[in-house]
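S.K.: Sequences are here, hints too, so could you generate the full structure?
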Amino acid sequence: MSESLDLLDDIGLVLSVFVLFFISFFHLRALNDERTWDRKMGASLVIWLLLYFILRRMQELVPETGIQDPDVAAWIVEITAYSSSLNFYYIHLFLMLLVPIPFLRKGWQIGVIGVLVLFFAFIDRTAVAADADPYYNSLLLPAFLMLAGLICFSVGLRFLMFPPPLEDDSVEALAMRRSGFFALGTIAVVMDNMVFRSVGFLTGSGNAWWTFPTVNYSGASAGYNYAMITLAEMTFILGSFSIIMIGFGVGAIYHIIKAYRKEHPTGLATVFSGYILFIWLLILFRHFAYVSEYATWTMWETPLDENAAIISALSDGFTFHLIYPTIALLHAVKFGLITIQTERDKKILRIVALGVMVAITAVFTTLLEIIIPVPDILLAVVCGLVLATGWERYLIDALEPDEEMKTISWAWPGDERKMMIGVNLMIGIPFLIKLLAGVIW
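Take the sequence shown: its position 391, counted from the start at 1, is 391 in our numbering, and no numbers get skipped.
It is worth saying that the hints were derived from the structure and are not from the lab.
C-beta: ideal position from N, C-alpha, C; glycine also.
Errors might be hidden in some of the hints.
The calculated lysine-lysine pairs, modelled on DSBU-like cross-linking and capped at a C-alpha distance of 30 angstroms, are [unchecked claim]:
| no. | residue 1 | residue 2 |
| --- | --- | --- |
| 1 | 347 | 334 |
| 2 | 262 | 347 |
| 3 | 406 | 346 |
| 4 | 406 | 334 |
| 5 | 406 | 262 |
Pairwise CB distance ranges (calculated) [to be verified]:
| no. | residue 1 | residue 2 | range |
| --- | --- | --- | --- |
| 6 | 278 | 205 | 17 to 25 angstroms |
| 7 | 21 | 293 | 40 to 48 angstroms |
| 8 | 281 | 166 | 25 to 33 angstroms |
| 9 | 29 | 81 | 29 to 37 angstroms |
| 10 | 76 | 166 | 53 to 61 angstroms |
| 11 | 263 | 225 | 28 to 36 angstroms |
| 12 | 225 | 166 | 49 to 57 angstroms |
M.R.: Below, the structure written as structure tokens:
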């Protein structure tokens, strides 16, 4: 079974690299084209997100790509840890609040976000340092990210439940559809495995309150006040995840019923609804496995038995290795972040679509092999059937941008070029530091 899980990691890594090359090629070749700033910025953020996932996965699969030398100075390790946090939170915050939901409308607001993330990172890391006194679990950065998540959630839920009529082509309706689609896709990307604790939070079971990184390890030495700070932050984070998942669950059912009655259009929102209901099945199954002791994990979410390994592969593995890179591709093409125009471009897109379909097939057959032992030849047979029947055409059709994705934008009140350079530097410098630290040491 371990070999199958390793194969799942390899498939996810290859798919992410494949999608990264595709998006980077079309984005970098057209830096001086007529795309609006938000499309260029969106493409950059998707590329940074893929780079983050790839580097993180590389450092898990090949530990030598991270800092391994025990004699490395403590300040180097600390700077690398800060860089990793800044890189992660900048990408996710700007992806949710900058493009295309116009929440950050001024340059100083981006600066405030940057300073707050650095300040919260300092507090969080100081609180858990080896010599910290008091030593407590500060969760300011995750709580800050959840605030942004609630904004993105409200936009997505409103669109899911109350979309404008298809015949409405007003600017407001087009903008709502574009922001709503993007919000749904972004939420699907930034949903952490903490969503699988939603039921545990509502029932008060240990799989929510005693699992990393939400575990309340603030000891008696930290004092009552610090323990309460940790508890309040944990409650907000877990509660936000639960509210988001419950809201989207209800919204998904509502949308599917409306779509069945021909009162809502069938499209990306329908696909997202099906995905959310599938995730809810995994949430309930994982919760049942924990409370019934069918499967056991450590508080760091490490599987302790074969059942837990299978469930982790079905939940975390499925979303990380398949959903994230696929939605990154969806964001780039569907929302016009990159431009597919010529026949040559369309041929390249078809090759990428074929690769994604093969990866989807490989992930599902690998998960099936974990549950039910099947011969390896099954993968080749299924992949052959997928390619022969032209399923990639459905994926290409789904990626075709709608009119609002091509025409709707909003103006940046300041210097767009300076804003784009500033945001890319805020994300790129921490990423480069983390990468070089792993290469050098």
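S.K.: Decide, hint by hint, whether the structure agrees.
M.R.: Consistency of the hints with the structure:
The straight-line distance between the Cα atoms of residue 347 and residue 334 is roughly 17 angstroms, inside the 30 angstroms bound, and the hint therefore holds. Note on residue 262 and residue 347: the hinted pairing is violated, with a Cα-Cα distance of about 34 angstroms set against a maximum of 30 angstroms. Annotation: proposed proximity of residue 406 to residue 346 holds, straight-line Cα distance about 17 angstroms (limit 30 angstroms). A hinted pair counts as satisfied when its Cα atoms are at most 30 angstroms apart, and residue 406 with residue 334 qualifies at roughly 9 angstroms.
A threshold of 30 angstroms between alpha carbons decides the hint, and for residue 406 with residue 262 the separation of about 26 angstroms falls inside it, so the pair holds. For residue 278 and residue 205, the hinted distance range of 17 to 25 angstroms is satisfied, since their beta carbons lie about 22 angstroms from each other. Hint check: residue 21 to residue 293, Cβ distance near 44 angstroms, so the stated range 40 to 48 angstroms holds. Checked against the hint of 25 to 33 angstroms, the C-beta distance between residue 281 and residue 166 comes to roughly 30 angstroms, which is consistent with it.
Separated by about 35 angstroms at the C-beta atoms, residue 29 and residue 81 satisfy the suggested range of 29 to 37 angstroms. The hint said 53 to 61 angstroms for the Cβ distance between residue 76 and residue 166, and at roughly 56 angstroms that hint holds. Evaluation of the 28 to 36 angstroms hint for residue 263 and residue 225 yields a failure: the beta carbon distance comes to about 52 angstroms. Residue 225 and residue 166 have their C-beta atoms about 54 angstroms apart, which keeps the hinted 49 to 57 angstroms range intact.
Hints 2 and 11 from the earlier list are contradicted by this structure; the remaining hints agree with it.
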